[in-house]
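Visitor: Under the numbering used here, read the sequence shown as residues 101 to 302, first letter to last.
Source of the hints: derived by calculation from the structure; they are not laboratory data. Keep in mind that the hints are not guaranteed to be accurate.
Pairs of lysine to aspartate or glutamate, DMTMM-like flavour, derived with a Cα cap of 25 Å [stated by the list, open to error]:
no., residue 1, residue 2
1, Lys-197, Asp-135
2, Lys-228, Glu-107
3, Lys-197, Glu-124
4, Lys-228, Asp-111
5, Lys-248, Glu-107
6, Lys-228, Glu-249
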Amino acid sequence: MDSGRLEAMSDGVIAIIITIMVLEMSAPVGAGFSDLLSMAPGFISYAISFVLVGIYWNNHHHLLNLVQHVNGRLLWSNLLFLFVLSLVPVATDWVDKTSFAALPTTTYVALNLLVSLTYMNVQRVIAKNNIKKNSELFERLQSVDLTKERWTIALSLLALVFSMVLPTSHLAFLPLIGAYALWIVPDLRIVHALDHLCSEDD
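Using the sequences plus the hints, can you model the full thing?
Guide: Below you can see the structure in the form of structure tokens.
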């Protein structure tokens with residue numbers, strides 16, 4: 101299977117996820133400023149989720165550039181990532197409709213942790229099955245410091261604790277946003293790996 105088909109499938113699913121989220125937002129009924137402010141919870145939840153999906157799409161795009169051949173393990177790992185990511189609109193809508201109530205917020209934070217874990221699994225599968233063992237590129241992907249992944253999991257777990265212990269404070273979104281910020285710039289291991297591949301082709 102061509103890796104281009106894998107990327108096209110992923111891009112299509114992610115585009116639909118974003119479309120569903122924006123379609124779930126409704127315009128204010130009234131024409132006053134107070135009516136506009138009533139949209140704040142929905143807009144905030146949409147904006148957070150849009151950034152989440154956008155960051156993963158960006159990193160996923162870089163990651164798939166490393167794919168030289170597609171096997172069953174990669175297909176199912178990628179489908180698992182897309183499945184978890186596709187639940188984001190549901191969690192976003194629930195948070196919006198309940199004005200960031202305790203259980204919806206905890207569910208939303210837990211879902212974000214699952215998205216991170218399934219994406220990291222896709223990374224591992226690609227590094228293991230698409231890069232020649234014992235090569236410089238393989239060592240770079242396997243042995244580089246995993247600080248970004250560890251911080252992402254730690255911040256997501258901290259957000260989960262806040263959502264359960266202090267549900268009405270909305271503090272859970274602070275470490276969650278911190279975890280997002282780590283991935284705004286695509287994984288530098290991937291960027292360096294792509295540069296390495298380009299230099300080999302030259």
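Visitor: Quick one, are Lys-228 and Asp-111 close enough, alpha carbons at most 25 Å?
Guide: holds, 23 Å
Visitor: Compare the distance between the alpha carbons of Lys-197 and Glu-124 with 25 Å, and conclude whether the hinted pair is satisfied.
Guide: holds, 10 Å
Visitor: Would you check the hint for Lys-228 and Glu-107, treating anything up to 25 Å between C-alpha atoms as holding?
Guide: holds, 19 Å
Visitor: Lys-197 and Asp-135 were given as a pair; does the straight-line alpha-carbon distance stay at or below 25 Å?
Guide: Within the cut-off at roughly 16 Å; holds.
Visitor: Assess, step by step, whether the Cα of Lys-228 is no farther than 25 Å from the Cα of Glu-249, and give holds or violated.
Guide: This hinted pair holds, its Cα atoms lying about 17 Å apart.
Visitor: Given the hint that Lys-248 pairs with Glu-107, does the C-alpha gap stay at or below 25 Å?
Guide: holds, 24 Å
The structure is consistent with each of the numbered hints, conforming to all of them.
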